[in-house]
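Q: Sequence:
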Amino acid sequence: MRLLLVNPNSTASMTAAIAASASAAARPETIVEAVNPAGGPPSIETEQDEQRCVPGLLDVLQQSRQRPGQLRPDACVVACFGDPGLEEARAMLDVPVLGIAQAAMHAAALTAGTFSVVTSMSSTVSRASQLAKTYTPSQCAGVHACDIPVLQIDSDPATINPIGDLCERALTEDSSRAIVLGCAAMAPFATPLSRRLGVPVIDGVVAATVLAEALAVFS
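Those letters in the sequence shown? Residues -19 to -1, 1 to 200, by mature numbering (1 follows the signal peptide of the UniProt record, and there is no 0).
Keep in mind that a hint or two might mislead.
Claimed, not checked - Listed below are the simulated EDC-like cross-link pairs for lysine to aspartate or glutamate, each with C-alpha atoms no more than 20 angstroms apart in a straight line:
no. : residue 1 : residue 2
1   : K114      : D146
2   : K114      : E28
3   : K114      : D55
4   : K114      : D155
5   : K114      : E31
No lab work stands behind these hints, which were simulated from the structure alone.
Predicted model only: the values in this text are computed from it and were never measured.
Given only the sequences and the hints, what does the whole structure look like? Please build it.
A: Put into structure tokens, the structure is as follows:
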């Protein structure tokens, strides 16, 4: 199958990291492709950023729909934790379209029962809480922000340390059993944080990749 992940921001390094995480989780026969719009916000940290990124996101998805048959994706992923434009994308395409927040929250709920979300900036907490109430109304025990900008998380591997500290506090305060990483830039941290914390740490890019591969058989 061919899986297309669209990073709705315009930062190529984040897109490359998303591709690496998805490729590591995908089946050997799955063709993983990750792209981002040429324009739009370099990071998505506010409601205004989400609104600004949607036209570019939908344009990329529309272009994928117009490809020749063998190059057309069998499933698509919106690789931003706010799941911007998800419903519009689903209405546009005739293949499964997953958002990484929805995929991660359902995966965490099924894996551990309850979870805490650790996201980037405080400005994203409201959106993450809203999505949690919609997707998993009784499983999300709390949403916590590390207040480290997305581009810093993407460029500085040392940010795993304060993010890990916040994950520990969230697990204790919420009495939750798993962590959902609420930012695509945190994707490389999932495995080392899971080892550190001793609980499942769910990255939405990996969750969406695995679920997309499963759902493609129904399309």
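Q: It remains to establish, for every hint, whether it holds in the given structure.
A: Against the structure, the hints come out as follows:
no.: 1; hint: K114 <-> D146; verdict: 25 angstroms, violated
no.: 2; hint: K114 <-> E28; verdict: 17 angstroms, holds
no.: 3; hint: K114 <-> D55; verdict: 29 angstroms, violated
no.: 4; hint: K114 <-> D155; verdict: 16 angstroms, holds
no.: 5; hint: K114 <-> E31; verdict: 19 angstroms, holds
Going through the hint list in order, the structure does not satisfy hints 1 and 3.
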